[in-house]
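Visitor: Okay, here's what each chain looks like letter by letter:
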Amino acid sequence: MISQNHQHADDITNSFPGMNEAIILRKLIVNQSIRVENLDVYIEEQHILKDINMTIPEKSITCIIGPSGCGKSTFLKTLNRMHDETPEVKITGKVFVDDENIYGPGVNVIDTRKKMGLLAQRPCPLPMSIYENVAYGPRIHGIKRRKAINQTVIQYLQYVGLWDEVRERVHTSATRLSIGQQQRLCLARGLAIEPEYILGDEATSALDPLSTKKIEELFVKLKEKYTIILVTHTLRQAKRIADYIIFMYLGKIIEEGPTESFFSNPKKQLTRDYLSGSFS
Amino acid sequence: MKFLEEKIFKVIMICAAMIILFVLVYIIGTVFYRGFHSLTLDMITKLPGGGFYLGKEGGVLNAIVGSLYIILGALAISILLSVPLVMFINFYLPAKSIFASLIRFSLDILFGIPSIVYGAFGFAIMVYLGIRASLLGGILTVAMLIMPIMMRSFDEITRLLSRDLPDALLSLGATKYEMTKVILRQLMPGLVTAILLAVGRGIGDAATVLFTAGYTDNIPASLNQPAATLPLSIFFQLGSPVEEVQNRAYASAIILTVIILILSFSARYISSKFSKNKL
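Chain order of the listed sequences is A and B.
Just so we're aligned: 114 in our numbering is position 114 of the first sequence, and the numbers increase by one with no gaps anywhere.
If you want our numbering, it's the position in the second sequence, counting the first as 1, plus 280.
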């Protein structure tokens, strides 16, 4: 299946040599998906992730839950290769994004990261204006025309519901926004690079309940177009917005399944204990 | 007993604060008291005339311009080297890099070397290369003196930056170079602080320029002509037996202080302009 897809892509690219390869490839991807095979991650001598195998369902919200230190965030970082920056981390196994192993030879890390919009735990606006924050991604990825950038900025600020709040001061510093607004700005900034996936690393844990609600609503809206993977500490959040749950404990996947059945009918004892709050 | 402890410690703290204030006020007071009357327009607009050091007319324009040339030249060299070095050891090398520690250790040692040693070292190199005491020699030696100060203080400030910003930029698909550019903007106030520390040290130092820049009553017209500097000018005037000339030394000290203040304020202003908006 994989090789067929690639074959097909190659054929088409060859027959239209003038066309932009990237655009063709993107359209051809039938299964926009993330598939993880035998993933092991070591940080120095510690075995952090142990033989992870999973498939993330497309165009839906997958929540990864589990107690602190179970490897959730480490796992998320393997998806956009942010471990590249720390040489102590050793990764074995395969992570297929759009049927391409991102740890395979010759993979461009920038392309991989461009496919993933990351929403971090604490919002981190860039030291520039609100407008420039959103325009930054498109700019570094080669969009030069002012009109196009303008359109992108307005579009995504509107999408995250920030445009009406900041339209008068889009050219003022982004650090003056409230923390909830900053997080939505970061989401808009991530969306502006037109990713296919959205990764959230406890993206609402620093926010007040109202801002949390806004971000959650955005995630639900976003899953029509994007595949979303969230790491969360709050079970209630997972229950509210997730379509699929993955429960991790001590670097292993203990149980996974659709939200409904996962919460109503957990199969493993460990899962039942975690859900009932016996440990956290 | 506890009460007494508290009292004694409080007295010590207040004394320490008072002593610092007293020293500051005393120094500035003396400089202004002795120098203020000699601080005429001539001092900053005229070159020393014949017999200036015997109390005749003239000014220290040669030293003002020489000092500015040297510090600006040295700053240009140091900034050009400090920024890449600090970015390299902080963002291009891994967090626990031995090489980075080695560089930091070397900078610490260079930081502690007295300026007269830099002066002597610079002089030795100049003799070897056959360069005479000149503006160029002064610039290079002062650059050597202030570079470790700038690098080390800029590095300290850079290390305080949280990992969030680099991570946010990388996850947007920025290359390391693009990331560095944005980080530098965030660090601009820190860089300015580092520059100011370096300027403060470099512009007031006499030992480095003594052999390397030389002294002249004229304004250097090219890099290989000698250049006067304010610290040396103060030194020579203070050495005069004529009281009027000694007072002019204090006036020159006021000029030096004011120059440092102007540089500080303009640097702060530029950095606040520069760190706003736009890429």
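Keep in mind the hints are simulated off the structure, nothing from the lab.
Treat the hints with care, as some may be off.
Cross-link-like lysine-lysine pairs, in silico, BS3-like; alpha carbons within 27 Å at most [unchecked claim]: (1) A:LYS213 with A:LYS223; (2) A:LYS213 with A:LYS225; (3) A:LYS221 with A:LYS239; (4) B:LYS456 with B:LYS376; (5) B:LYS326 with A:LYS144; (6) A:LYS50 with A:LYS90; (7) A:LYS144 with B:LYS456; (8) A:LYS221 with A:LYS59; (9) A:LYS239 with A:LYS223; (10) A:LYS59 with A:LYS267; (11) A:LYS94 with B:LYS456; (12) B:LYS376 with B:LYS461; (13) B:LYS553 with B:LYS456; (14) A:LYS267 with A:LYS90; (15) B:LYS376 with A:LYS50; (16) A:LYS90 with B:LYS326; (17) A:LYS268 with A:LYS252; (18) A:LYS90 with A:LYS59; (19) B:LYS461 with A:LYS147; (20) A:LYS144 with B:LYS553; (21) A:LYS90 with A:LYS239; (22) A:LYS239 with A:LYS50; (23) B:LYS326 with B:LYS336; (24) B:LYS456 with A:LYS90.
Residues on chain A that point at chain B, a partial pick, calculated with CB under 7 Å [said to hold, decoys possible]: (25) TYR42; (26) ILE43; (27) PRO87; (28) LYS90; (29) ARG113; (30) LEU118; (31) VAL170; (32) ILE193; (33) PRO209.
Beta carbons: idealized from backbone N, C-alpha and C, even for Gly.
Visitor: With reference to the structure, classify each hint as holding or not holding.
Guide: Against the structure, the hints come out as follows:
For the given pair, LYS213 (chain A) sits about 16 Å from LYS223 (chain A) by alpha-carbon distance, which is consistent with the 27 Å threshold. Restraint check for LYS213 (chain A) and LYS225 (chain A): satisfied, since their Cα atoms lie roughly 20 Å apart, inside the 27 Å limit. A threshold of 27 Å between alpha carbons decides the hint, and for LYS221 (chain A) with LYS239 (chain A) the separation of about 16 Å falls inside it, so the pair holds. For the suggested pair LYS456 (chain B) and LYS376 (chain B), the alpha carbons sit about 18 Å apart, so the restraint of at most 27 Å is met.
Between LYS326 (chain B) and LYS144 (chain A) the CA atoms are separated by roughly 53 Å; this puts the pair beyond 27 Å, and the hint is violated. Annotation: proposed proximity of LYS50 (chain A) to LYS90 (chain A) holds, straight-line Cα distance about 12 Å (limit 27 Å). Restraint check for LYS144 (chain A) and LYS456 (chain B): the C-alpha separation of about 20 Å stays at or below 27 Å, so the hint holds. Between LYS221 (chain A) and LYS59 (chain A) the CA atoms are separated by roughly 11 Å; this keeps the pair inside 27 Å, and the hint holds.
Taking the CA atoms of LYS239 (chain A) and LYS223 (chain A), the gap is about 16 Å. The hint holds against a cut of 27 Å. Only pairs whose Cα atoms come within 27 Å are accepted, and LYS59 (chain A) paired with LYS267 (chain A) is accepted, the gap being roughly 26 Å. Of the pairs offered as hints, the one joining LYS94 (chain A) and LYS456 (chain B) holds, with about 25 Å between alpha carbons and a cut-off of 27 Å not exceeded. For the suggested pair LYS376 (chain B) and LYS461 (chain B), the alpha carbons sit about 23 Å apart, so the restraint of at most 27 Å is met.
For a cut-off of 27 Å, the pair hint linking LYS553 (chain B) to LYS456 (chain B) stands: about 25 Å separates their Cα positions. Taking the CA atoms of LYS267 (chain A) and LYS90 (chain A), the gap is about 32 Å. The hint is violated against a cut of 27 Å. A threshold of 27 Å between alpha carbons decides the hint, and for LYS376 (chain B) with LYS50 (chain A) the separation of about 25 Å falls inside it, so the pair holds. A C-alpha spacing of about 68 Å is found between LYS90 (chain A) and LYS326 (chain B), which places the hinted pair above 27 Å, so the restraint is violated.
Only pairs whose Cα atoms come within 27 Å are accepted, and LYS268 (chain A) paired with LYS252 (chain A) is accepted, the gap being roughly 13 Å. At most 27 Å may separate the alpha-carbon atoms for a hinted pair to count; LYS90 (chain A) and LYS59 (chain A) exceed this at roughly 30 Å. Between LYS461 (chain B) and LYS147 (chain A) the alpha-carbon distance is near 24 Å, which keeps this suggested pair within the 27 Å criterion. For the given pair, LYS144 (chain A) sits about 25 Å from LYS553 (chain B) by alpha-carbon distance, which is consistent with the 27 Å threshold.
For the proposed pair LYS90 (chain A) and LYS239 (chain A), the alpha carbon gap of about 33 Å is over 27 Å, so the pair is violated. Proximity of LYS239 (chain A) to LYS50 (chain A) is assessed by CA-CA distance (about 26 Å); at most 27 Å being required, the pair is judged to hold. A distance of roughly 12 Å separates the Cα atoms of LYS326 (chain B) and LYS336 (chain B); the hinted pair therefore holds under the 27 Å criterion. The suggested pairing of LYS456 (chain B) with LYS90 (chain A) holds, with an alpha-carbon distance near 21 Å, which does not exceed 27 Å.
The beta carbon of TYR42 (chain A) is not positioned within 7 Å of any beta carbon in chain B (closest approach about 16 Å), and the interface hint is therefore violated. Annotation: ILE43 (chain A) was flagged as interfacial toward chain B, and the flag is violated, the nearest CB pair being 12 Å apart, outside 7 Å. At its closest, the beta carbon of PRO87 (chain A) sits 5 Å from a beta carbon of chain B; the interface hint therefore holds under the 7 Å criterion. Because the closest C-beta pair between LYS90 (chain A) and chain B is about 14 Å apart, greater than 7 Å, the hint is violated.
Checking ARG113 (chain A) against chain B by beta carbon gives a least distance of about 4 Å; that is within 7 Å, so the hint holds. Checking LEU118 (chain A) against chain B: minimum C-beta separation of about 4 Å stays under 7 Å; hint holds. Nearest Cβ of chain B to the Cβ of VAL170 (chain A): about 10 Å, over the 7 Å cut. The hint is violated. Residue-level restraint check for ILE193 (chain A) holds (minimum Cβ-Cβ distance to chain B is 6 Å; threshold 7 Å).
Nearest Cβ of chain B to the Cβ of PRO209 (chain A): about 23 Å, over the 7 Å cut. The hint is violated.
In this structure, the hints that do not hold are numbers 5, 14, 16, 18, 21, 25, 26, 28, 31 and 33, in rising order.
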